[in-house]
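If you're matching positions, the sequence shown starts at 440 in the working numbering and goes up one per residue.
There are no misleading hints in this set.
Calculated pairs, DMTMM-like style, for lysine to aspartate or glutamate (alpha carbon to alpha carbon, straight line, at most 25 angstroms):
hint, residue 1, residue 2
1, K1232, D1218
2, K873, D891
3, K1065, D1033
4, K919, D891
5, K873, E900
6, K1093, E1035
7, K1065, E1035
8, K895, E864
Label pairs and their computed distance ranges (CB to CB):
hint, residue 1, residue 2, range
9, G1127, A535, 49 to 59 angstroms
10, S1078, T745, 49 to 59 angstroms
11, D480, S1078, 51 to 61 angstroms
Don't read these hints as lab results, they were simulated from the structure.
Positions of the beta carbon are idealized from the N, C-alpha and C atoms, including for glycine.
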Amino acid sequence: MEIKFLVLGFFSLAILQAQGQDQSDFISLDCGLPANTSYSDEKTSLYYISDAYFIYSGVARSLPPEFSTNSIDRQLWYVRSFPQGIRNCYNVTVTANTKYLIRATFMYGNYDNLNQLPEFDLHIGPNKWVTVQIQNTSTPVIEEIIYDASVSYICICLVNINSETPFISALELRPLRNTTYVTQSGAGALALIGQRLDLGSISNQDHVRYPYDIFDRFWYPFHLIQLTDISTNLTIDVGSHNDYQPPPIVMRSAVIPANSSNPLQLSIGDSVKYKNFQFYMYMHFADVVKLEANQSRKFNISRNGTIWFGPIIPLYLYTSTAYSQSAITGGDYLFSLFKVDGSTLPPLLNAVEVYYLIELLQSETSRPDIDAIMSIKSTYGISRNWQGDPCAPQEYVWDGLNCSYNGTAPIITSLNLSSSGLTGEIASDIANLKSLRSLDLSNNSLIGPVPDFLSKLVSLEVLNLTGNRLTGRIPVDLLKRRQNGLLLLSVDGNPELCALDSCNDNNKKNYVVPVTVSVSALFAIVAAISLAICLKRRKKQAAVAGEMMEAQARILESRKRQFTYSKVLEMTNNFERVLGRGGFGTVYHGLLGDTEVAVKTLSPSSVQGYKEFQAEVKLLLRVHHKNLTTLVGYCEEPSHMVLIYEYMANGDLKHHLSGDDPVNILSWEERLRIAIGAAQGLEYLHNGCKPPIVHRDVKTTNILLDSNFQAKLADFGLSRIFPTEDGSHVSTTVAGTPGYLDPEYHVTNWLTEKSDVYSYGVVLLEIITSRPVIAKTGDRTHLSTWVSSMLDKGDIKTISDPRLLGDFDTNSVWKVTELAMACVSEISAERPTMSQVLVELNECLATETARTREGRSQSNSNSIEFTNVDLSSGLFPQPR
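Use the sequences and the hints to build the structure in full.
What follows is the structure in structure tokens.
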């Protein structure tokens, strides 16, 4: 008796939280409804208002008369379309730290008389939610998402992806209970697959929603002739004790197998498009039959033949819910409900929901920067299409902004409001853009003084105030920074603004003095430089011959490894097989003779460029180590830049830790060996190279594994050589990957070997936990913060990857965890060196290998408690 889940060709997203029977916290927008218009829906009593005050772009349109009838819901009679702009966004004020069900509805109805079914993207914040695909003119498409609002607003954007005009009919937000539909580690949002099923329904409606469901979820009736419907007229869940609170009218009916000896079966994931999804399953039970003394109903649930949960004894007239706390990895799954322990009655099931996980990987712009730029927009009434997140995703950054993406959240580094019709004084909110490097307010009508707060923007390098009506004096600190070469200051075209150190002397004198001082200073600098050159000339002459010989050797080596683009095409068979994609570009499989190679091509849209390409080639031509990837060769032609590496058969470490390969789980010993290999590569860069080298981008995707799982560091495009004799630090522009970036380096721009140690410490934490570096929750908690909180509880099993099943020496894991936490210390001086890290790791490996030789220790025996749960799929179902 198999229930096949209905799939309508669109995804519905859902999450739940109760606010009582009233709808005071509901937000119901009829999109395109004339401004200042509202109504109560006759079917649901829900109160709808116009969307005009939630978005300032788009065109309100109405459907043809044949659609504006009582046969379709009233909120579908109008649409708002967006023929202008790539991204148009609704900003909705909500309650912070609250979970919401967000539902967007799209009814095309040929409103534009084009009869062209559009397709466009829907975003929530900076992340893609779903691609909306309109199937026909008369069937509405509904998309729902369950989303945790960490701040007091939610941004929902329609994005034009192929020049077809996006539109929307209705937008609804429903607050839910935060205790329900919680994803693993709070990561991402949930999308409903197909429909919520009201099994054996007695509602006699096409679907059930508010007011029957206090969260306004949609439940669709479902019947199968192979199953027997059973029901009751009594009320279910008096007192609403169940957190999920499926509607009582839904829970009053259930299904059982037609043959009571057979199991009740459900299958999910039988569509190709769901193969790579991560699922969350929810089953709701309530017995609708009062059992006699000699009757019993007791059953287990299995997944693909393995016990998933049980036994379950449904409560009479009360709901209980079995669900998976952790995601079920993508694939085909058959769930069977079958009698146990001599049960006289067959299993039953009242309602089912299955969701897939949407990962929200793109960080929102830094909160202070968002608040500041929104205030600036409001102050000046800026009419540009500034919608959605200012910096993210990167392809939709606001016009006039540049952003940095090196931290955990993007930050605004440049603001250009030139010729934007600005009036009034310079907005004080600009002072809150703490990382601003360039500010252009030229050719506007700004008045008043140049404010002192601009001097407090310590990163500011360019300030253009030309062509305004500013008055008074320029702050002294700004003038000093200009004189010291730290600030490019432009103030021409402000007749009443004094740009001099002293505004009381005549202008001629004021202009002559700075020039005279500057010329004198110039002669002094030239003299000092000449003296230094003379003192060093002899020392340099002695080294010239050796340097020339070394350079000639490098040139000869470089020429031997340089390939033509035609040769690259030949070795990749015209780029036939893709191995992966990264920031540099696409990586292809190749054959150089009988040797397998990995061929990395520079994408035209790559965030890395020629500078990084040259850096990687030069570095890998001079350094050689068993734990560094080997550069086989390269191609450098005007329109083709290619790097050719040894082929690494087992990909990158990230793949093995992320759960993408649920079969081949790295053991603790294997993880230690990989950690040691990566550490040896870093230790060589820091101590074996003269001068030393800092990698600057250590992360699990840059640790590659060969056929024997030997670890090798890769991707040296950001690496820097220490030219200073003391090797204390190098001042450089911050570069790296968010989450792995040394916070001290990020603040000071001082790069040291300890910056690599910090990144390596984050890698160690990933090796231990197999958790993401930045949690996919609204608070974006860093992995080190989470581990620190778990260490306080003293339970290492909570920290370690549950897929290890406790098969490790506990002391070994403790020691590596403490080592990792030392590496990620906020203060670089408190971090160990890579040499010290290697000593500690080798001791841990010796402990672990001794344990595996001697057999399982007591710590491993603790895994017995997990034998009834299939941890490989991360399932922890619980009844409620």
